[in-house]
Amino acid sequence: MLKYTIRRLLLLIPTMFFVALITFSLAHAAPGSPFDRNPNRPLPQETIDRLNRLYGVDKPMYEQFALFLGNAVRFDFGSSLVKNRAVSDIIGDGFPVTAQLGIQALLLALALSLPLGIISALRQNSYVDYGSLFFATIGYTIPSFVIAIFLIYIFAVNLRMLPVVGWGDLRHMILPTVVLALAPAAVLMRLTRASMLEAIRQDYVRTARSKGLREQVVVVGHVLKNAMIPVATVIGPATAGLITGSFIIETIFSVPGIGRLFVTSINQRDYPIIMGTTLLYAFLIVLANLTVDLVYGMLDPRIKVGK
Amino acid sequence: MTTTTAMPTSQRRAAELNVITRKQRSLWGDALHRLRRNKAAMFGVVMIAIAAVLAIFAPMIAPYDPIQQHTADSLADPFFSNSQYSNPAYPLGSDQLGRDILSRLIWSSRVSMVVGFVPTALIFIVGITVGMLSGFHGGRVDNLLMRFTDIIYAFPDLLFLIIIMANLRNTPAGDLMGGLVLMFVAIAIVNWVGLARLVRGQVLSLKEKEFIEAARAVGVKPGRIMAKHLFPNALAPVIVSMAFAIPSAILAEATLSFIGIGIKPPTPTWGVMINEGFVVFSATPWPVILPALCISIVMLSFTFVGDGLRDALDPRMKI
Amino acid sequence: MALLEVNDLHTQFFTRDGTVKAVDGVTFEIAAGETLGLVGESGCGKSVTALSLMRLIPMPPGKIVKGSVVFDGQDVTKMDDDDVRQIRGNNIAMIFQDPMTSLNPVLTISRQISEALELHLKMDRGESRKRTIELLELVGIPSAAKRLDDYPHQFSGGMRQRVMIAMALSCNPKLILADEPTTALDVTIQAQILDLLKNLAREFRTAFILITHDLGVVAGMTQRIHVMYGGKIVEKADTGELFANPKMPYTWGLLRSIPRLDERRKGKLLPIEGLPPDLIAPPPGCRFEPRCQYRHEICREKPPELLPIPNAKPDHEARCWGTQAGGWLVDIDWRRDIGDTKQLEEIKQEVATLPPEAIRAATADVPPPPAAQR
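Protein chains in written order, with our numbering: chain A, -7 to 299; chain B, 31 to 349; chain C, 14 to 387.
Chain A on its own, in the form it takes in the complex:
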């Protein structure tokens, strides 16, 4: 177990390297200079050249990349070409916001999906079942930005209950968190339901019943633990979904997190920010997947104890 973990952590390094390489190449494949953003007021060429030289953007690609790597291992990602602050500072500001949004959304998604999934499975074809499946389908098929727009329309424009943009207190956090949580909740709910249905058909459930256990005890003591194993493994990809969802949500609701930071930095061609945030995201995803694998190993004794 330990060896496996260490091996996976070591694999992080080459993965991060390639992620950086790919991102760097793509970012620099875009034509034009980051300083020449406004087509209505083009800067004179010498100014652009000077700015380029100043920020080292005129150096050949491989040099820039090597420079970047050298600094990156010291967690120095340079400074933003737009905002004139260190990238790590800017990211440091935005990260807690995004983290909070993400964790809230994940908890909300779990709190909704797990109970609903379990109940749906136990009461198949009941109203609860059909209702949950209906909402799960909606959450899964309708794009999050569409749902966001609708909710904004209902709650902010019409009912004037909640603010549209901003972040800070509970009222600001409700809509973004709810919208972000919907898609993962839908997926998790369907999976939980399917997993429970699968587990309850197994032979060992019949054995448990043959011992005279009450149905409740059978479900909780025997079925649940088995059913939750596949669900736990999906939390990794669900986290990835939360990350990508945060781009849209933060943009729509103007939440000051790194999602919005990323989107704006793409438009502004702010390379240091692009690199920094991309690497951060990649790291988070790999970490999330690793955690899920470890958790899975701990839950399933066939893996934990091995043969």
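Check the hints yourself; a few may be wrong.
Said to hold, decoys possible - Just so you have them, the derived chain B footprint on chain A, three or more residues with Cβ under 8 Å:
#1 11 to 19
#2 127 to 136
#3 249 to 261
No lab work stands behind these hints, which were simulated from the structure alone. Virtual Cβ for every residue (Gly too), placed ideally from N, Cα, C.
Position chains B and C relative to chain A; hints supplied.
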């Protein structure tokens, strides 16, 4: 002795021969039958067919040219909204530049259909090839390919898409077919890994089965084994995966267009329409609601069909 | 009074394709300490019968539609759920066929065995752990104390089945239903498990219903055997009597299809041609009729009853028009594979007209009939 009771000869024959008279079906025939019984899936198929028809015959069905602006008639409301702003010339209203929404919706279905199917086809080709080679040969090839997919997996897909689209759309490559080619390639690049891994997993488990061993023992060449033995048996989850890849691609395009880095103007897509409609949302919600409805229906349809296919091909395969 | 009396049990499954009459009028009884064999091919209803005894039939598609199961004086089919749960694991226990899937992979075996102990015998953790070790040693698991907290996948197939047996024994039930307990195991392990069951039956005076398709398994284990086919019992006899003097063509088919070491015939193994009956729309007459080589018109029209038969012990019953009183198979020697009885009559007449030398020449290599006579 007693006289024989009047039983239809066929029934007696059946009882005599003990043949179960229910029709025998092949694997695919059985799956098709199950799919047909699934009402939601059939609804989905109908809807997709309608969208396809709209897409193919758009020039003949749409009342207006989707990019032609009639600024004098901007922001008309749809006929069913009972507002003072509805204009009978534009049945579903018009956007802020006076373009007919109905026509734009119809033309947008073209883009969406194409964006759904073309990248999926690319993913299919690349994913299956890589997955089968990787799973079949194992060893270093497998290792290499899996490390490669790990790297791509580390990117959140939307992030990767955004990076590719944003950076390359102003290059010459990004101009091909109004940005469509770039979109296809981007979506395909980001999403093929899932299928490759799936196929690899299937191949790995099938490889151990006796019939593959038998084929090898008889001397069948690897290419033929892959084509004739592995491929058909691995097909079922692949089909399901493809069925879900299509709405995923459509959603990706809509999302990118909504952010503003999708298909280039003036081509209309539902995502673009929502983007533009968002600006005037407080004045009138319809320019947003109508394309949103279209996306939702199409995605719902594909999801129903995907679910139906999964249930039909393997009722126990509850992913 | 018998420990268990099953009377006209009907269990059916309601499916989209029709109602499957899995158990169609089964009546039998078992006394305390007795081992009864329930034999038949796949799909004959033997497992469903066993599950019905404990009301373990899944309720949505399945239902006990008629009949009674009287265990220790109480009708299980009429009890409410709580009372049935009282009996399960406690007075009646079941051993299932595949120990890998029948044991919960994420729970330790100690947990799975203690569950019943804590539930029915109200033991606490400490007591149940001790008792679990005793049980595991009883069924022959080495280093029982050390393996308490192991998981099912850490045991071999034979060991897992022993764990299941320990689980079944845990509350000292009066009746154990063993559903194909050795089918999933190697032959050598099979023998060990069967020996174990036999010893346990003797030591604890537990009644066993041994369900299997394998006649070899029941031969050394049971006192009585019931043969099932198409949802009905088609023959009932003491074990020795069944093997020595079977009285139903299906049973003959089963016995004939077993390869024997002392086989003198040069011929092929004789399978029973055809397929089991469709339980949704079974044949109107005898269910075995379509596959029976001794059939007559009446077999197709009217289903025979399970009745005592001539030329056999008094409690030997069979469900066959041919072997019942007045039937055409009453005096038959089933060991001689002679095919259609009508044909036999014709052959006999033909033979009567032939000169003796021709007969001798024709029957030169046919072995003489076995000496045993009824």
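For each hint given before, does the structure comply? Return the numbers of the non-compliant ones in rising order.
none
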